[in-house]
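Same order as they appear, the protein sequences are chains A and B.
Throughout the first sequence, residue numbering follows this note's numbering, covering 1 to 152 in sequence.
Throughout the second sequence, residue numbering follows this note's numbering, covering 1001 to 1083 in sequence.
Since the hints were derived computationally from the structure, they do not count as laboratory data.
Since no wrong hints were added, every one of them can be taken at face value.
Partial chain A-side listing against chain B, Cβ under 10 Å, derived:
(1) Gly-34
(2) Glu-52
(3) Tyr-54
(4) Thr-119
(5) Pro-122
Which chain B residues stay away from chain A? Per the calculated CB distances, all over 10 Å, these:
(6) His-1015
(7) Ala-1024
(8) Val-1026
(9) Glu-1027
(10) Asp-1034
(11) Arg-1039
(12) Gly-1040
(13) Ala-1048
(14) Pro-1049
(15) Gly-1050
(16) Lys-1063
(17) Pro-1064
(18) Ser-1067
(19) Ile-1068
(20) Ala-1071
We put the CB at the ideal spot given by N, CA and C, even for glycine.
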Amino acid sequence: MAVRLQREPFDAGAEAARLTQGREEVGAVVTFTGLCRRGADSGAPLTALTLECYPEMAEQELARIEAEARARWPLADALVIHRHGRIRPGEPIVFVATLSAHRAAAFEAAQFLMDYLKTSAPFWKQEETEEGTSWVAAKAVDDDAARRWDEG
Amino acid sequence: MKLLYFAWVRERVGHPEEEATPPAGVETVADLVDWLRARGPEYAYAFAPGAAIRAAVDKRHAKPEASIAGAREVAFFPPMTGG
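Bound-form chain B, shown alone (with noise of 0.2 Å):
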């Protein structure tokens, strides 16, 4: 799947976008935070506990819960501040 990444999260993680492949037990929105966290100290700061960090599983709005089974695009960003 591609993920990617917007504003703080994106300059934290340090590039756009990747393609990754999630191994099987990735389910959902908060399994591949966990997941990502532990890929490397960058991860790790971006996705520190506690940061604002909402996700969009195929360009719609996705809770921590929200399955990615199938899902081809994973973005992840900080609440939203436009108008």
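Just chain A, same shape as in the assembly (with noise of 0.2 Å):
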């Protein structure tokens, strides 16, 4: 179980067979890893993105996360990955992967993982386009997707 705030890109698939290896009781991992988008919210193209954070905040929230998600289902192991300062279109910004005996807990605590670090893991994406800079706005779908998991 970890989680790790980093500048540096990963390699999402050595992380995955990294967490697997050996791992003879696990029969399910599931990994999400999501991409900085050429498209700005606006629609203009992206020149980069530059993730601010608030690093000791942010540990201790994504590792708030992971252990209440491995408190709601019986997980192997699991990793959160999160990158901060500038990112390129195309490069990864955040990584998920959950280990498990089967794959609903694996796919449902991915999910959860991803849906509370938007909303609670104190990170800011700015845009860089060629108009100038601008702060991403929350947006109220990701509000509902965390809040979806407070009613089970």
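Take each chain as given, in its own frame, and dock them per the hints.
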């Protein structure tokens, strides 16, 4: 179980391979990789995305969310990687992997981790286009996605 | 206590962090926002009524009514947009 905050890109395939190596009790691994899209929210082409973060709180929040996922689902392992700094279109931003004996727990836990991370981990995206820079506004759809886990 | 600002709150206030000693009577996050707002035009701009600002007390999410008694670090920032 781990969370990592880093500036450098990561290799999602290598992370998944490393996590599953020799884990014969694991029957399911779900991975999610969030990528930097070329299109800004305004529709203009994006030059880069800069992710600002509150590092100490981000590590603490990611660890808290991961512990919550482990309490809700029988996970053999989990990993969350979140980048910060300047990221270019096509590069990875965030990675979530969940390992479990069966797929349902792995799928659900991965979705839970992403939904919660988006609304509670202290990261802020700033888009850079030819017109200048602008802070990305939070989306109601993300709040709704996180809230549905509170209802069950 | 240490005050931290992030994203457009940081840009509007004009600096990422500062030390501050709020007077007695400033007991909650909401009190602190009111006190900061009166410190100057850049704070009034950053903490304009209706601005969507979140807070964390000692690195934990905090609601406006949360106490800041004994807090070492209070952070202000917009709703999060990571992931």
